[in-house]
Amino acid sequence: MNPQGLDLQLRSTGQINLELALNCAPGEIVALIGPSGSGKTTLLRTLAGLYQDVDGVISCQGKVWLNSQRRICLKPEQRKVGLVFQQYALFPHLNALENLLLAMTHLPKPDRQSKALAMMERVNLAGLENRLPHELSGGQRQRVALARALSSEPDLLLLDEPFSAVDQVTRFRLRRELARLRKQIDIPIILVTHDLDEALQLADRICVLHHGQRLQMASPTELMQRPVSPDVARLLGLQNIFSGRVMEVEQDSLLVDWDGCSIRIAQSTSYQLGQEVTWIAPPQSILLQRPDRPVTGDSENPVAGTLTELVVMGPHASVRVTPNHAPELPLSFFIPLHYVERQQLHEGMAVSLSLKAHSLHVF
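The letter at position 218 of the sequence shown is residue 218 when you use this note's numbering, and the numbering goes up by one with no holes.
If you're looking for bench data, these hints aren't it; they were derived computationally from the structure.
C-beta: ideal position from N, C-alpha, C; glycine also.
It cannot be assumed that every hint is accurate.
Straight-line C-alpha distance at most 27 angstroms; calculated BS3-like pairs for lysine-lysine [what the hints assert, rightly or not]:
1) K115 with K80
2) K115 with K63
3) K75 with K63
4) K109 with K80
5) K63 with K80
6) K356 with K183
7) K183 with K80
8) K115 with K183
9) K75 with K109
What follows is a set of in silico ranges between Cβ atoms, one per label pair, in the way DEER data are often shown [claimed, not checked]:
10) G138 with Y271: 29 to 37 angstroms
11) F172 with N324: 19 to 27 angstroms
12) Y271 with D292: 15 to 23 angstroms
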């Protein structure tokens with residue numbers, strides 16, 4: 001266990017299912033993602049001391065918050081936790097500065113004003129100290145909420161869907177500000193979000209929860225390229241999950257029969273000949289080209305098919321290709337719109353796919 005970070009091993013004793021282990025280093029952001037009811041909010045409430053029907057251990061920054069065997073369970077006010085909620089939870093009758101000062105009762109009175117003003121400047125709110133919450137924009141209110149959480153000098157920062165109540169442009173700005181600010185925050189940060197893009201942009205590691213259990217915890221790149229199971233892949237919204245049979249096993253690759261098409265997957269495995277497997281073609285593994293405009297070197301795992309769907313979505317196009325050998329097993333992915341225009345792609349045309357062996361993955 002890391003004495004200076006967050007470590008926990010929990011099992012729920014109440015009606016809410018929760019059984020998992022998790023750690024978060026100082027300055028690290030761990031994002032919790034999963035469907036509604038997966039345990040994300042329950043875990044946050046457990047860390048804050050608001051849900052106590054659990055057995056196990058929680059330690060943070062060298063302090064024991066929970067140890068059920070030793071009958072230790074600190075009250076919420078005994079845990080130094082900073083909380084940022086989806087709906088800000090600011091006191092409407094207090095101005096921005098006064099909201100921060102409420103969180104600084106641990107400091108000598110003469111020091112509070114200057115530190116609160118410094119914190120306002122730190123989150124780009126200088127000059128707005130005297131405004132009431134209703135006089136601030138949604139993004140400004142969220143920055144006040146973040147500044148207030150940090151003003152208490154917490155050992156742990158919990159962010160519960162912090163940017164979901166603002167518009168898309170403001171959400172992007174707040175994410176960028178948090179990414180900048182977290183370089184100055186040397187405490188563990190737990191982020192709960194339903195937005196996978198938000199988790200991918202902000203988190204050092206992502207924890208996938210389902211039914212109160214941890215299915216996988218990994219870096220964003222590892223998670224998206226190497227999900228540990230089809231369940232994790234589906235929870236991440238990944239497509240192109242197929243079944244196959246192992247035809248050949250080499251030291252660093254497999255040859256898989258995909259409904260009559262041979263697919264080479266560069267993966268060191270211990271699979272057996274004839275074994276049924278599940279494999280995935282992530283978006284980064286798929287290259288598309290017109291058969292009459294072949295690209296040299298892009299013929300790895302060639303799959304001929306028909307472009308059966310092309311939907312423009314902003315700067316990208318969502319496409320679906322039906323393989324000739326298995327029309328019932330289409331591949332779906334995104335390509336840049338400029339590539340669609342340059343290659344004059346359209347529905348109904350014959351195309352060729354190349355599936356990159358090093359980017360394919362067997363579960």
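Quick rundown of the hints versus the structure:
no.: 1; hint: K115 with K80; result: 18 angstroms, holds
no.: 2; hint: K115 with K63; result: 26 angstroms, holds
no.: 3; hint: K75 with K63; result: 13 angstroms, holds
no.: 4; hint: K109 with K80; result: 19 angstroms, holds
no.: 5; hint: K63 with K80; result: 10 angstroms, holds
no.: 6; hint: K356 with K183; result: 36 angstroms, violated
no.: 7; hint: K183 with K80; result: 20 angstroms, holds
no.: 8; hint: K115 with K183; result: 19 angstroms, holds
no.: 9; hint: K75 with K109; result: 25 angstroms, holds
no.: 10; hint: G138 with Y271: 29 to 37 angstroms; result: 51 angstroms, violated
no.: 11; hint: F172 with N324: 19 to 27 angstroms; result: 41 angstroms, violated
no.: 12; hint: Y271 with D292: 15 to 23 angstroms; result: 37 angstroms, violated
When the structure is compared with the earlier hints, violations turn up for hints 6, 10, 11, 12 and for no others.
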